[in-house]
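Protein chains in written order, with numbering that gives the first Met the number 0: chain H, 0 to 130; chain A, 0 to 344.
Hint data in this document are derived by calculation from the structure and do not stem from the laboratory. One should not assume that every hint holds.
Once the Cα atoms are required to be at most 20 Å apart in a straight line, the calculated DMTMM-like pairs of lysine to aspartate or glutamate come out as [to be verified]: (1) A:K340 to H:E105; (2) A:K310 to A:E327; (3) A:K318 to H:D117; (4) A:K86 to A:D227; (5) A:K340 to H:D117; (6) A:K243 to A:D48; (7) A:K86 to A:D48; (8) A:K86 to H:E105.
No experiment lies behind these values; they were computed from the predicted model shown.
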Amino acid sequence: MTEMGAPRFWRNIQQRYRLTGTRCDTCDTTYFPPRQLCPECRREGDVEEQELNGTGTVVTYTTVHEPSPEYEGDSPYSLAIVELDEGPRVTAQIVDDEIQVGDEVEACFRRMGEGGGDGVIYYGFKFRSLD
Amino acid sequence: MDDTGIAGYGGYVPSLRIETREIARIWGEDPDEIENGLGVRQKSVPDLDEDTATMSVEAARRATDGEDSSRIEAIYVGSESHPYAVKPTATIVGAAIGATPGMTAADYEFACKAGTAAIQTGAGLVSSGVADRALAVGADVSQGAPGDALEYSAAAGAAAFLLGDADDAVAKLEGTTSYTSDTPDFWRREGERYPQHGERFTGKPAYFKHTINAGQNLLGELDRAPEDYSYAVFHQPNGKFPVKAAHQLGFTEEQYEAGLLSPEIGNTYSAASLLGLVAVLDEAEPDDRIFVTSFGSGAGSDAFSFRATEKIEETGDSKLRDDLTDVEHLDYAMYARHKDKIQEE
C-alpha cells in the first residue's frame, strides 16, 4: 500500500474508513467491496449503498513472518479472511497477537501504511478479537 | 451555555502498558522511588499502527454510537501530537464517523487542554444555534525523550464528547470558565521530536496556579461549594498533582477517586481530564454534579460544571472499563520499538 498514491487512496476512503459496501434489494445480497451492478440480478437488480456494521467471524488466517519490504517493521502479523455478518468476506489484518478460526471480530480504525516519512498516511480498517 | 450538554461520550485507551518500574530499571533509577514519587504504576502505549487520528476515531465512534452522525455540524480535535503538521485530524474523524461533508472542522493545540477548549467551542456553536450538534475530541500519543522524566508518564488515549441540546443530554453543562496566562512551563519547537519542560516550574506557577484559579472562579460564578459535587476530575500529569489540587480546592478522595486514571494509564495529555470525565459519567446517577478542570501548559485551565440527567441511566457503558482491564505489558525494548525509539538502518 505504500506506493498506492494519494488519489487512489482518497477514492476509496468510504470503503476503507467505514466499510461502506452495496446491497442488492432484489436478491438481498450485500457486496464488499461495493459493486454497482448485481451479478445475479443484472438489470433487475436494485443496488444501493450500505454501511456494514463491522462485525464478523474469522474463516481462516495466516501469520506473516516474511513481509514485503513496506511491512517489515510490523511482522509478525496475522492476515485473516473475515466473514462479515452481512455476508461478504474480506481479507484484513488482525491486530491481536493470538487469533483462532471462528473468533468473533470487530472492525477497528488503524494506520495501514504511509507514503514514506513525508507522504500521506493511509488509514483504514483492521479487525480485533471480541473473544 | 446552560442550554447545552453532553449527548454522547466515549473514551479509548490502547491495550498495551509498560510499568514505570521497568523504565526505571533501564535508566538505573530506584523503581520504588519513581513509582511512589510519581504515583504512576504503569502507562498506556499505542500499538505500532495507532496514532492520535486512530484513537480519536475509536473514541468518536463510541461517543456517536446509535446517533445520527449527519447532525454533527462541527468537529474539533485537540492534541499536541496530530499525525500531520499540516492536514487536519478532524477531517479524518469526520469521514470515519460519516459526518462529512456538511460540517466545519479544525484541529486545536494547547498542550494538555486542547480537548477541553474543543468542548467550549462546540458547546458555544450548539448554544448559539450555529451547529445542531458538535463533536469535541481530546487525544494524544505523547512523547518523552529516552531517560527524561516525562518518559515515565507520557501515555496515549482519546476521549470524545457529542455536544447537543440540553434536552438530549446525559449531562447538562451548567457553566464553564477559564484561567489563562503566558507561562512557558513546557514546550516543543517546530520540527523537534521531544518536548522540553521547566522541571519543577511546571508545578506551582503552572499546573496549580491555573487549576486552582479556574476551579475557584467557576465555583464562585455558580455560587457553589465543593460539597455540592459528587465527582471532581482534574488534569492528571501524574498521580500526585490532581490529588493535591483536589485537596487545595476542598474536594475529598471520595469525589476524585473515580476520575483519577493516571496511576494506571499515565498522562494521556489532551485526553487526561476527559478520560476521567468519561470514567465518571459511566458511574454517575441522575442529578449528580461533576466538576472538571483541565490544565494545558503554556498555560491555561478550563473548568466545567456538569449535572447528570435522567438520560444517564439509558446510556450503555462506554467500554472504557474494558480498555482499562484488558491489558498487555511490554518490556522496555518492545516499548522502545513501539514508540519509534529504535530506528532500522
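Hints violated by the structure (numbers, ascending): 1, 2, 3, 4, 6, 8
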